[in-house]
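Participant: Spelled out from the first residue to the last, the chains are:
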Amino acid sequence: EAGVTQFPSHSVIEKGQTVTLRCDPISGHDNLYWYRRVMGKEIKFLLHFVKESKQDESGMPNNRFLAERTGGTYSTLKVQPAELEDSGVYFCASSQEAYGYTFGSGTRLTVV
Amino acid sequence: DQQVKQNSPSLSVQEGRISILNCDYTNSMFDYFLWYKKYPAEGPTFLISISSIKDKNEDGRFTVFLNKSAKHLSLHIVPSQPGDSAVYFCAASKGTSYDKVIFGPGTSLSVIP
Numbered sequence: 664e665a666g667v668t669q670f671p672s673h674s675v676i677e678k679g680q681t682v683t684l685r686c687d688p689i690s691g692h693d694n695l696y697w698y699r700r701v702m703g704k705e706i707k708f709l710l711h712f713v714k715e716s717k718q719d720e721s722g723m724p725n726n727r728f729l730a731e732r733t734g735g736t737y738s739t740l741k742v743q744p745a746e747l748e749d750s751g752v753y754f755c756a757s758s759q760e761a762y763g764y765t766f767g768s769g770t771r772l773t774v775v
Numbered sequence: 007d008q009q010v011k012q013n014s015p016s017l018s019v020q021e022g023r024i025s026i027l028n029c030d031y032t033n034s035m036f037d038y039f040l041w042y043k044k045y046p047a048e049g050p051t052f053l054i055s056i057s058s059i060k061d062k063n064e065d066g067r068f069t070v071f072l073n074k075s076a077k078h079l080s081l082h083i084v085p086s087q088p089g090d091s092a093v094y095f096c097a098a099s100k101g102t103s104y105d106k107v108i109f110g111p112g113t114s115l116s117v118i119p
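If you're matching them up, the sequences are chains A and B in order. Each residue of the first sequence is one higher than the last, beginning at 664 in our numbering. Each residue of the second sequence is one higher than the last, beginning at 7 in our numbering.
Isolated chain B (complex conformation) (with noise of 0.2 Å):
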């Protein structure tokens, strides 16, 4: 069963305008959430993270949400710009700092210039 889901396969934004990005989970026991980007032909390439004892972590245009209760997060882009446009995926962690991360689906982002 799929514990880190991304149920929209792709999302298109125009530039300069907000991208959300969401992703929910079924797993209590996460407490370790991160944001990867992924360009076609490369590997993925970590973004934002934030640990479950925040509901918040930001940096420069990139802003992570956390909603424990809803065991539902978010990625805020703004302003979305045409470079933005890759695969994000959603990933989680649980237990000790090593454990394995655990990735979404997926969403592929476009920026419309």
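So that you can see chain A by itself, here it is in the shape it has in the complex (with noise of 0.2 Å):
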């Protein structure tokens, strides 16, 4: 089975400039979930869907971020505009059955 697919794997952008991270998870997969990964800190959550609703995005940093899941299948994570903390990497797991994230390989973040 194919596994978590995310690209781009390396962006960069200058602050002010608008990036879209998209995520297709494992076919099947109901939950989808965003995390990021700034400078060796911890894997921080960002938000989670069931299908296509936002089950928790009480990780979201602030209104310049916006998720969407488009039919319950692959997602989207915009950050308009972009500033330089927001710097990392950015991962999405899916799992269908309790506990069972896999990850994608995620995507570099840089804000220059």
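Treat the hints as calculated values from the structure; they're not laboratory data. Not one of these hints is a red herring.
Derived DEER-like restraints, expressed as beta-carbon distance ranges: (1) A/680 / B/78: 40 to 50 Å; (2) B/119 / A/715: 46 to 56 Å; (3) A/739 / B/34: 35 to 45 Å; (4) A/748 / B/14: 23 to 33 Å; (5) B/23 / A/680: 43 to 53 Å.
A short list of chain A residues far from chain B (calculated; beta carbon distances all over 10 Å): (6) 671; (7) 677; (8) 678; (9) 735; (10) 739; (11) 775.
None of the values given here were measured: they were computed from a predicted structure. Note that beta-carbon positions come from the ideal geometry of N, C-alpha and C, so glycine has one too.
Two chains, two separate frames, one set of hints: put the complex together.
Facilitator: Written out as structure tokens, the structure is:
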């Protein structure tokens, strides 16, 4: 089975620009999670989708971040406008059963 | 505040010896604990887990111990192998089984041949 796919793998943008990250979960996985790791720190939770609905978005830093999940399939995470502190690695994970997270390889975002 | 702590950023161990990675948590509501392993340029992969009703879970060379009264868990790898060199994240979850998982900052393990 195909794993969780994220793209782009790397993105370098200037402060103030917009970036959209995409995640394709494992087919059939209802649960989709976004996490972020900033410079060697912990992997922090951003939000959780169940199918197309946001189950928990308590980790979203501010309203510059917008996540969507179209038809309960792929998800996008848009940062607009990007700030320097948004740099980090953004991970997406999906699961169908409890705790069975499968992570993607992540998108490394650098805001300059 | 950081609910899951891994106070050792790095650890070096000789091949064949035991690696012990430690983790402390602050939230007594956590009832499920996990360890993930991460290689560079890859996402974390699930390694082993333990429910709060147990104090030990073993899977091959990997054993996780849980001390609820101390809010402490540890991961033992024996014998350590060079391929075990990676960043290890301790993680915890509470409430429903689909509740978010809270990760620690990770410990970078180097196994020296």
